[in-house]
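Novice: Listed here are the chains, written in short residue letters.
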Amino acid sequence: MASRVLAQCVRTLARSSARVSGGNLAVRAVAAPGSASHRSFSVISNAERSRVLEQSRVSIVSVWCRQYGDLPPLTLETIRDRVMYVLKLYDKVNPEKLQTTSHFMKDLGLDSLDQVEIIMAMEDEFGFEIPDADGEKLMSPADVVQYIADKKDVYE
Amino acid sequence: MASNAATRTAAGAARVVKPLFSRDLDEAKRRVRELYRAWYREVPNTVALFQLDISTRQAKDKVREMFVKNKHVTDPRVIDMLVIKGKMELEETIKVWKQKTHIMRYFHETENQRPADFLSRFYQGHHP
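Residue numbers (our numbering), protein chains in the order written: chain A, 1 to 156; chain G, 157 to 284.
These are computed hints drawn from the structure, not numbers from a lab.
Each hint should be verified, as a subset may be incorrect.
Under the rule of at most 30 angstroms between Cα atoms (straight-line distance), these lysine-lysine pairs were calculated in the DSS-like manner [to be verified]:
#1 A/92 / G/216
#2 G/174 / G/185
#3 G/225 / G/185
#4 A/106 / G/256
#5 G/256 / A/137
#6 A/97 / G/251
#7 A/92 / G/227
#8 A/137 / G/243
#9 A/137 / G/225
#10 A/152 / G/185
#11 G/185 / A/92
#12 A/151 / G/185
#13 G/241 / A/92
#14 A/137 / G/227
#15 G/174 / G/216
#16 G/227 / A/106
Model the full assembly from the supplied sequences, consistent with the hints where possible.
Specialist: Okay, here's the thing in structure tokens:
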């Protein structure tokens, strides 16, 4: 079954690369065996793959590698920048007095409900749920960064 | 009476009572925070669904005001009862059992303000 899937993939790839390289007998030979047997198919693909690779290098590189969709990887700097950016947008926070180590309640003069709102803003920013038992302990931007790094497995 | 034992204080100054939901003040405060989170997330949907003429900001300020009004309470059972009433209000708002007028009642728009200074009270008259 896997060989049938692979054969179909190679057929489509070979067709696209045939269009790019302007048609080649070797490439068409690859496209010919539809549901060939296991051994013969692999022999053909190995032989033709090297030839096709030489001819149209640019298209093959884009065709042979898998492409997944994902967000850019998190680092401690990016997490810190995003946390500070969200905090500066909050209107009850004075942006000049905001440091990484400033305590929400003591330094910035915020309420416990304000702290809940800040944790909810962090949830929205980073896209994962922060339970209240953990959220009530995060009292400064450094704590928040550390917690997110722990949850997302980001380390130096 | 395990639940009574949990609420008994050392000095015995407080009465021994059966708790509603939470056994101490921290748990009650946690319930309050959870309720605030639920209301905060739900307020933009309410403003859109009921087509209220207020901004989301005003609605969130009103929610904050409702919570701050009861800030002084320290008894866990009273806090639990307030949380239960808040949850009932939230359920009625989410499931659209309320209507626009019920939600706008929070804003006291059509009630007459009681006069605060002497001259306004003088003009209003003395009705013993």
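Novice: Hint by hint, say whether it matches the structure.
Specialist: Outcome of the hint check:
At most 30 angstroms may separate the alpha-carbon atoms for a hinted pair to count; residue 92 of chain A and residue 216 of chain G meet this at roughly 14 angstroms. Distance restraint check for residue 174 of chain G and residue 185 of chain G: the Cα-Cα separation of roughly 18 angstroms lies within the 30 angstroms cut-off, and the hinted pair is therefore satisfied. Under the criterion of a C-alpha separation no larger than 30 angstroms, the hint pairing residue 225 of chain G with residue 185 of chain G is consistent with the structure, at around 15 angstroms. Of the pairs offered as hints, the one joining residue 106 of chain A and residue 256 of chain G is violated, with about 40 angstroms between alpha carbons and a cut-off of 30 angstroms exceeded.
Among the hinted pairs, residue 256 of chain G with residue 137 of chain A is inconsistent with the structure: their alpha-carbon atoms are about 38 angstroms apart, more than 30 angstroms. With a C-alpha separation of about 42 angstroms, the suggested pairing of residue 97 of chain A with residue 251 of chain G is violated against the 30 angstroms cut-off. Our distance criterion of 30 angstroms between C-alpha atoms is met by residue 92 of chain A and residue 227 of chain G, whose separation comes to about 19 angstroms. For a cut-off of 30 angstroms, the pair hint linking residue 137 of chain A to residue 243 of chain G stands: about 24 angstroms separates their Cα positions.
With a CA separation close to 24 angstroms, the supplied pair residue 137 of chain A and residue 225 of chain G stays within the 30 angstroms bound. Distance check on the hinted pair: residue 152 of chain A and residue 185 of chain G sit about 28 angstroms apart at the alpha-carbon level, within 30 angstroms; holds. For the hint linking residue 185 of chain G to residue 92 of chain A, the alpha-carbon distance of about 22 angstroms falls within 30 angstroms, and the restraint holds. A hinted pair counts as satisfied when its Cα atoms are at most 30 angstroms apart, and residue 151 of chain A with residue 185 of chain G qualifies at roughly 25 angstroms.
Between residue 241 of chain G and residue 92 of chain A, the direct Cα distance comes to roughly 29 angstroms. Compliance with the 30 angstroms bound is thereby established for this hinted pair. Straight-line distance between C-alpha atoms of residue 137 of chain A and residue 227 of chain G comes to about 20 angstroms, which keeps the hinted pair within the 30 angstroms bound. A threshold of 30 angstroms between alpha carbons decides the hint, and for residue 174 of chain G with residue 216 of chain G the separation of about 34 angstroms lies outside it, so the pair is violated. Under the criterion of a C-alpha separation no larger than 30 angstroms, the hint pairing residue 227 of chain G with residue 106 of chain A is consistent with the structure, at around 19 angstroms.
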